Amino acid sequence: MNNVEAFQAQLESVGYVAEKELAATLLLMTQLQRPLLLEGDAGVGKTEIAKTLSRVFKCPLIRLQCYEGLDASSAVYEWNYQRQLLAIKMQEGESHSSEETERHIFSDHYLLKRPLLQAISMEEPPVLLIDEIDRADEEFEAYLLEVLSDFQISIPELGTIKATSTPYVVLTSNGTRELSDALRRRCLYHYVDYPGFDKELRIVNARLPDITQRLAGQVVEFVHGLRKMNLRKIPGIAETLDWAAALMCLNVSELDKDPEIIAQTLVCLLKTKEDRDAVTREISERLIAKAV
Amino acid sequence: MTASSAPSQTLNHVGAEPPWVSRIIGFIRFVRNNGFQAGIQEELDALKLSEQVNITRQQDLRWGLRSLLCSDREEWHRFDELFDAYWRKPNRKAEVRATSSSKIENRGAQAGQSNGGQVAETDKAQEGDENGDAGEGGSRGGASLKEIHGRSDFRLLSDEQQMREMERLVERLARRMRRHVVRRQHLRRHGRRLHLRRTIRSSLRYGGMPLDLYFMRRRRHLPRLILLLDVSRSMSIYSYLFLRFARGIVAAFKDADAFVYHTRLVHVTDALRERDIELVKEKLALMSSGWNGGTRIGECLQNFNHDYGRRIVNSRSIVVIVSDGYDTGEPGVLAQQLGELKRRARKIVWLNPLLGREGYEPIARGMQEALPFLDLFASANNLDSLLALESYLTDL
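From first to last, the protein sequence lines stand for chains H and X.
Heads up: the first sequence begins at 1 in our numbering, then just goes up one per residue.
Heads up: the second sequence begins at 1001 in our numbering, then just goes up one per residue.
Derived by calculation from the structure, the hints in this document are not laboratory data.
Values in this document were obtained by computation on a predicted structure and should not be read as measured data.
A hint or two may mislead.
[To be verified] Cut-off 27 Å, straight-line C-alpha distance, at most; resulting in silico cross-link-like pairs (DSSO-like, lysine-lysine):
| id | chain 1 | residue 1 | chain 2 | residue 2 |
| --- | --- | --- | --- | --- |
| 1 | X | 1048 | H | 20 |
| 2 | H | 273 | X | 1048 |
| 3 | H | 199 | H | 228 |
| 4 | H | 113 | H | 199 |
| 5 | H | 233 | X | 1347 |
| 6 | H | 228 | X | 1283 |
| 7 | H | 271 | X | 1048 |
| 8 | H | 89 | H | 58 |
Based on the provided sequences and hints, a complete structural model is requested.
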């Protein structure tokens, strides 16, 4: 057994089913200490990878969810203005020079650490998950690049804060916007695809231990059939799990037993009106027939 | 890994020179020549990687190098082919280049009669670029290509490889456009400012202490782009390129819309958003099947005004029409419809790929009718002219 296989087994022991390729990438990421950029459709388990890493390394997970308009004050740090103002007020009666006051209110005590600063100032390296980086603005991306290459953050009032430990950085992107070449080059890259039949079956079994082999196989086969269709929103792994759980709650043991219930539970898989209309009764019956 | 330790590391490697070092460096040069952005940093990391994985296990090396060298989905899918080509048979490298470029449909066919001298020149320039690039770390692949191709006319690109590169470039250019437009807008009104009036007002509660701070939000007015592409036969050399351009625009600007027209007008924004370029082609081919006859620009615009105008054209909209202006519809319709569009839209831009040619005068009737309504009438026959559009958008 070599390193990659050992790491793969480690991932599996905390409940994440990964291919060898992914295990190799994750191992490489820890060895080279480079950020990892994960791309792939929504629902293929990108975010889960970061959570798994934090479980494997037994370290905290710090998550930064990106959105349009995300800026340094909510991602890196912010001064606690209210406390600063109160502190000034309280010191008014005492005889402090203005320099002293200034030094006092711009100290660590009044600094609100946001995820990025938090991540680099931990004792033990945490896993830093920067989720959906493609949603953030270009300026933030440029700033992030700076942080990720030097692992230091400069705060004008305090000076430069160097990382006490280098976090394991995982970035995810759904590809709604083109990321800059500089950021892409800085990162290792892994494209996460929808899982194959065997892998998804293993995931279903791992997450829903009570499911029968028969139902699990049929569910996965059915979802794979759906993914081949031209849907607006392709069901991801989470949807498969939801649907399987729903069927178990309704005591369905086989898909072809009760088409009525299947049709009703398809809401777990199809999330837009167009997709619901596209999957007609006939189509769903054909998929069931194929899956059984 | 820090920058200071990196150079000495290379020296060590060069000194010791295990046999595989040059092979790995060679591989990175190979993928770089195939359009990957891999520089010295990647070479160092690859060597580091080769120390850590078991080199004799080819799979491990493949996966490691793939994560290291790829930076987007397209490269990810191309990588295996390149890897096999390099590590298996020495004489397969040429083959890969040939097969991957032949995947593109025979776009070059129409442009085949162009003059050979120009093409040979760009070929040479490109080779020079590949060699010279290596020294700098090759990080600017995209940009340097742009420098070379900036002024060469789209119709003079005869070989498929070049055409394919140009298509990629055009799409990337469009995607970058948004970033530049946004950046320039910010420079003009940058900074977050306190909204003093509200801050002070709310501070009354605290006896004049400004505890609740209110900020002014900068308001963004990105132009809303609407592209109308002429895909008639007279435009066939350019239409695929402009579709790629439209694809880039649609991907970068959230509320952009694209239409193609010939005898009819079709909304293609959703089709262009499809990720797989082959699927995009299929969808577009389906949409436009069975079209023939002349181009009716006027009627198509009428359609546009009627069906979409009220909904998507507003005072932020810039309507970009790409056409050579050969209209076979009723005279007068085009002018009338452009007049109507003009009332609703902020600007109308007409890009004419013929305008860049020597000796071309916009004397076609369609063009003559349109000219009085246009805010910008510009050429669109090379990358530079598309870049010029970017600065026009930011100067609004």
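These are the hints, each one checked on the structure:
For the proposed pair residue 1048(X) and residue 20(H), the alpha carbon gap of about 20 Å is at most 27 Å, so the pair holds. Taking the CA atoms of residue 273(H) and residue 1048(X), the gap is near 51 Å; set against the 27 Å cutoff, the hint is violated. This hinted pair checks out: residue 199(H) and residue 228(H) have alpha carbons roughly 17 Å apart, not beyond 27 Å. Distance check on the hinted pair: residue 113(H) and residue 199(H) sit about 39 Å apart at the alpha-carbon level, beyond 27 Å; violated.
Simply put, residue 233(H) and residue 1347(X) have alpha-carbon atoms about 35 Å apart, too far for the 27 Å limit, and the pair is violated. Proposed proximity of residue 228(H) and residue 1283(X) is supported: the alpha carbons are some 16 Å apart, at most 27 Å. Between residue 271(H) and residue 1048(X), the direct Cα distance comes to roughly 45 Å. Violation of the 27 Å bound is thereby established for this hinted pair. For the hint pairing residue 89(H) with residue 58(H), the CA-to-CA distance comes to about 44 Å; that exceeds 27 Å, so the pair is violated.
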